[in-house]
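For the record, the sequence lines run as chains R and P. Quick note on numbering: numbering that gives the first Met the number 0 labels position 382 of the first sequence as 381, and the sequence is numbered without any gaps. Quick note on numbering: numbering that gives the first Met the number 0 labels position 379 of the second sequence as 378, and the sequence is numbered without any gaps.
For the record, the hints were derived by calculation from the structure and aren't laboratory data. Please read all numbers here as calculations on a predicted model, not as lab measurements. The beta carbon of each residue, even a glycine, is placed where N, CA and C say it ideally should be. Warning: the hint list may mix true and false statements.
Unchecked claim - Only pairs whose alpha carbons sit at most 20 Å apart, straight line, appear in this in silico SDA-like list of lysine to any residue:
(1) R:445 <-> R:366
(2) R:353 <-> R:364
(3) R:412 <-> R:447
(4) R:353 <-> R:366
(5) R:406 <-> P:303
(6) R:406 <-> R:376
(7) R:412 <-> R:367
(8) R:445 <-> R:466
(9) R:353 <-> P:303
(10) R:406 <-> P:300
(11) R:412 <-> P:362
(12) R:412 <-> R:439
(13) R:412 <-> R:343
(14) R:353 <-> P:388
(15) R:353 <-> R:258
(16) R:406 <-> R:366
(17) R:445 <-> R:56
(18) R:412 <-> R:341
(19) R:412 <-> P:388
(20) R:445 <-> R:365
(21) R:406 <-> R:364
(22) R:412 <-> R:434
(23) R:406 <-> P:430
(24) R:406 <-> P:388
(25) R:406 <-> R:344
(26) R:353 <-> R:257
(27) R:445 <-> R:326
(28) R:412 <-> P:237
(29) R:353 <-> P:300
(30) R:406 <-> P:428
Claimed, not checked - If you want the footprint, here are the derived chain P segments under chain R, 3+ residues with CB under 8 Å:
(31) 195–206
(32) 251–262
(33) 408–416
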Amino acid sequence: MHGINLPIEDTNRRLQNWLTEPRDISAIAIYRILFGGLMCFGALRFILNGWIERLYIEPSFHFSYWGFEWVQVPGPTGLYLLFGGIAVSAFMFAIGLFYRLSIITFWLLFTYAELMDVTNYLNHYYFTSLLAFILCFLSPHRSWSVDAWLRPTLRGSTLPAWQTYWIRFQVGILYFYVGWAKFEPDWLLHAQPLNIWLPPLSGLPVLGPFLEFPWVHLCFSWFAFLFDVTIIGFMLWRRARPWAFAVILVFHFFTHLFFNIGLFPVIMVFSVLIFFDADWPRRLIAFVRRGTIRSSPRPPIQYRRPLSAGLAVFIACYCCLQALLPLRHWLYPGTVLWNEQGMRFSWRVMLREKSGSLQYRLHTLGGEVAIISPHRYLNEEQYREMVGQPDLILQLAHHIRDEYNAKGFGPVKIYADALLSLNGRPLQPMIDPLADLAQISGGLGKADWITAPPDSPPPKQTRLRISAR
Amino acid sequence: MLLTHLQSGLVQRGAKLFGSLLIYMVLASCGGGGGGGGAVTPAPTPTPPPGNGGDGDGGDGGDGGGLTGDDARRAVLRDIAEDIILPALQDFDTQAATLQTATETLVASPTDTAALTAAREAWEAAMSSWQRNEVLQVGPAGRSTNPDMVVGGQDFRDFVYSWPVTLDTCALESAALNSAAVNGNTSINITGLGAIEHLLYTDVPPAACADQPSTAQRMEHVQRLADRTGVVATSLLNRWDPAMGDFVEQWSAAGDTSTLYAAPQEALDALSVALFYVERQAKDRKIAFTTGIGATGLTCTNASSCPEFLESPLSSQSGANIRTNVQVFRDLFTGVSDGMGINDLLEGIDRGELATELVEQLDLVLDSINDIESGAGFDEAVRNVADRTDCVNASGNNSGIPVCVLHGLISDAMDTFRGPIVSALGLAIPQSSAGDND
């Protein structure tokens, strides 16, 4: 028996040692400070830009996530308290004040806010929520925090390595899937949607004029794909790391320049700092103080904190879920860019240009027919997002069904005339016009009421050139 | 030490393994892509005239000649400003002045039928002229505050015409009785072209109103309203006039010397947002609400249609208003006076088929309106809609009740605009500035 068990025990011991190796806390402490500061800034920006009114107060209808229908949009006072709470809790965990309480509060409030309306879904909000969740289990407040200053017994100069690895995994999986989501014909062969998005930016200095050329769009498409799928590998390779980080800075500078993606580039840049050596902040401080990068004081090695089996299993399950969730779109027929089944929580970032129109046809029990515009319920931002997402079209149809049934017109039938253009293709119906949406249940199953995706390639738009008259 | 070394080795091996995996996947992707359609064969690009500022890149747009990039966009913007926007404002200024003159005559003889007819004709001409500007709410005519704020917006529009804000007719009659001044502080629901229509086209005040001004008092108030409209029309024109405010230059030099538009695309975005007037107002309010197919609660004063939502029911100008809205939309695409329009931008990126499709659809819309107007007229056609279901079917099938078919035809055109055209040119849609993307 010993002969059989020994290698397993040996492997377990090695794994345990690898995961619990003490590592300088400074990198994660800085991570906490940067993340909290950024989130505090982001929440204040959200409030000051008037987005609470535009995105949550003005619309009379909000889209729910499947399984989270219980999440409701509070009134104006509640909304300001919610986003104020996000800002305050972010500031608190940034400075490390009541860290555990503040990070859990932040995670709960932020996640609640993100669950209030599907049309506001953003990948970097999802990423923020996941990072906050992970930080709930870590201890970056043992150093460079108010908590550590007030409670000397809390202080520590190292953390077990698994805390770094967990964040690295999350960042790595994001980049990995962001890259592989681009492995599809529209992006790699037809440079869509960059072929549509970049030409209007031709007024930018220096680079701008090049953005008119289709070959530039194709180069950008391939570069973005290769960048996303390889950059984490380069960040893990010590010798390539500084160069990789420089490329990351340049890449995200341009994404910031080209697209209205808010804090996303900043978050993506700061996220990869976790791939640097754990003592990089101390070395940086030492370099600033003494002018040499080699004179950083090494923190004392502390005792190993064992990783409990329960937490290890939990983290392993979390990682498996994160690795598998973006693959779920393979369970559905068609392409995810069209049917959107498996689109969210899958790191499919900036992949499609969808535009179209939608109106519902309502048939009452009395035989009356009426056309209902979604604009009766939605603002333009909601409309723009939902018009390309079949599950949201279904959700609003159910809302209209319930409204008219309650008014005594029912049971009503509802059909959708939904025309959609994907990456510049001609308009085509996205919803079966004969499908009575009032009778169709939402959920995660295969949706045969969504039409087949377009089988033609997207158009290639040439460089803008017109003959002056 | 040994343990540290071992762990370090593990990390390094893991890194190498991961890196190798990524490289493998990259290589695999290079060889494995390509499913799902081949390349599109570009349509022939129109041959550009020789030697006109081309940069000779030899790339995808032809081999030199013509305007490219932002220069092309600015050229289109300039033609639109000089050929469409400025003439529309000049015409409205002229028509507003004519209306002022006509109302002066009317005040001198408030019961003179000929004077009243002349004033009404002047109002109809002014209204028709303004309906072009309704679709051109860019720059000073637009709003200065969110959610519909536009670059350079100075809120001129509402002082000229506040529809669909409901007129407060009793407050208007009170103002007439009390000879109230009409100025920038006057509420928009008792001023502008809508208020003038009410006073010109009704012989007596509504019976429900407490204040009952005389005809003379009402016509004097018409003159005050017309005077105010004339002042606003001239002020708005002056904002654009190259000899005065010169918003034409702000607009046409976007991304160059303009201090308001950082890029020509911003001006095109503003124009795009303005064009949605045809969808949101002309199609949804002026037709869907009135015919009853907008399902505004499924109860209207009529059995099926809802003529209470007609835009100009007193003057029976509702159909003419829609025709003007659609016509200016078409003009913006095709250009006028041999100038360029948005279609030139589409043709310039080899998407001329979209331009052709849209213009064909708009021509069908205009033909349909002309047919309706040459018959009983749009207002009467709305009142005659007898069955809402038939109307919905006519809209969906483009066959049947003409006024309902009109709704479907505008829907088709706006679908083309909102869908592939907005995508192809990267144009903005209304209220698209809130929040981030990714």
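Against the structure, the hints:
{"no.": "1", "hint": "R:445 <-> R:366", "in the structure": "violated (31 Å)"}
{"no.": "2", "hint": "R:353 <-> R:364", "in the structure": "violated (34 Å)"}
{"no.": "3", "hint": "R:412 <-> R:447", "in the structure": "holds (18 Å)"}
{"no.": "4", "hint": "R:353 <-> R:366", "in the structure": "violated (34 Å)"}
{"no.": "5", "hint": "R:406 <-> P:303", "in the structure": "holds (18 Å)"}
{"no.": "6", "hint": "R:406 <-> R:376", "in the structure": "holds (16 Å)"}
{"no.": "7", "hint": "R:412 <-> R:367", "in the structure": "holds (11 Å)"}
{"no.": "8", "hint": "R:445 <-> R:466", "in the structure": "violated (50 Å)"}
{"no.": "9", "hint": "R:353 <-> P:303", "in the structure": "violated (36 Å)"}
{"no.": "10", "hint": "R:406 <-> P:300", "in the structure": "holds (19 Å)"}
{"no.": "11", "hint": "R:412 <-> P:362", "in the structure": "violated (34 Å)"}
{"no.": "12", "hint": "R:412 <-> R:439", "in the structure": "holds (11 Å)"}
{"no.": "13", "hint": "R:412 <-> R:343", "in the structure": "violated (29 Å)"}
{"no.": "14", "hint": "R:353 <-> P:388", "in the structure": "violated (31 Å)"}
{"no.": "15", "hint": "R:353 <-> R:258", "in the structure": "holds (16 Å)"}
{"no.": "16", "hint": "R:406 <-> R:366", "in the structure": "holds (15 Å)"}
{"no.": "17", "hint": "R:445 <-> R:56", "in the structure": "violated (33 Å)"}
{"no.": "18", "hint": "R:412 <-> R:341", "in the structure": "violated (28 Å)"}
{"no.": "19", "hint": "R:412 <-> P:388", "in the structure": "holds (14 Å)"}
{"no.": "20", "hint": "R:445 <-> R:365", "in the structure": "violated (32 Å)"}
{"no.": "21", "hint": "R:406 <-> R:364", "in the structure": "holds (12 Å)"}
{"no.": "22", "hint": "R:412 <-> R:434", "in the structure": "holds (9 Å)"}
{"no.": "23", "hint": "R:406 <-> P:430", "in the structure": "violated (31 Å)"}
{"no.": "24", "hint": "R:406 <-> P:388", "in the structure": "holds (19 Å)"}
{"no.": "25", "hint": "R:406 <-> R:344", "in the structure": "violated (37 Å)"}
{"no.": "26", "hint": "R:353 <-> R:257", "in the structure": "holds (18 Å)"}
{"no.": "27", "hint": "R:445 <-> R:326", "in the structure": "holds (15 Å)"}
{"no.": "28", "hint": "R:412 <-> P:237", "in the structure": "violated (54 Å)"}
{"no.": "29", "hint": "R:353 <-> P:300", "in the structure": "violated (39 Å)"}
{"no.": "30", "hint": "R:406 <-> P:428", "in the structure": "violated (33 Å)"}
{"no.": "31", "hint": "195–206", "in the structure": "violated (count 0)"}
{"no.": "32", "hint": "251–262", "in the structure": "holds (count 3)"}
{"no.": "33", "hint": "408–416", "in the structure": "holds (count 4)"}
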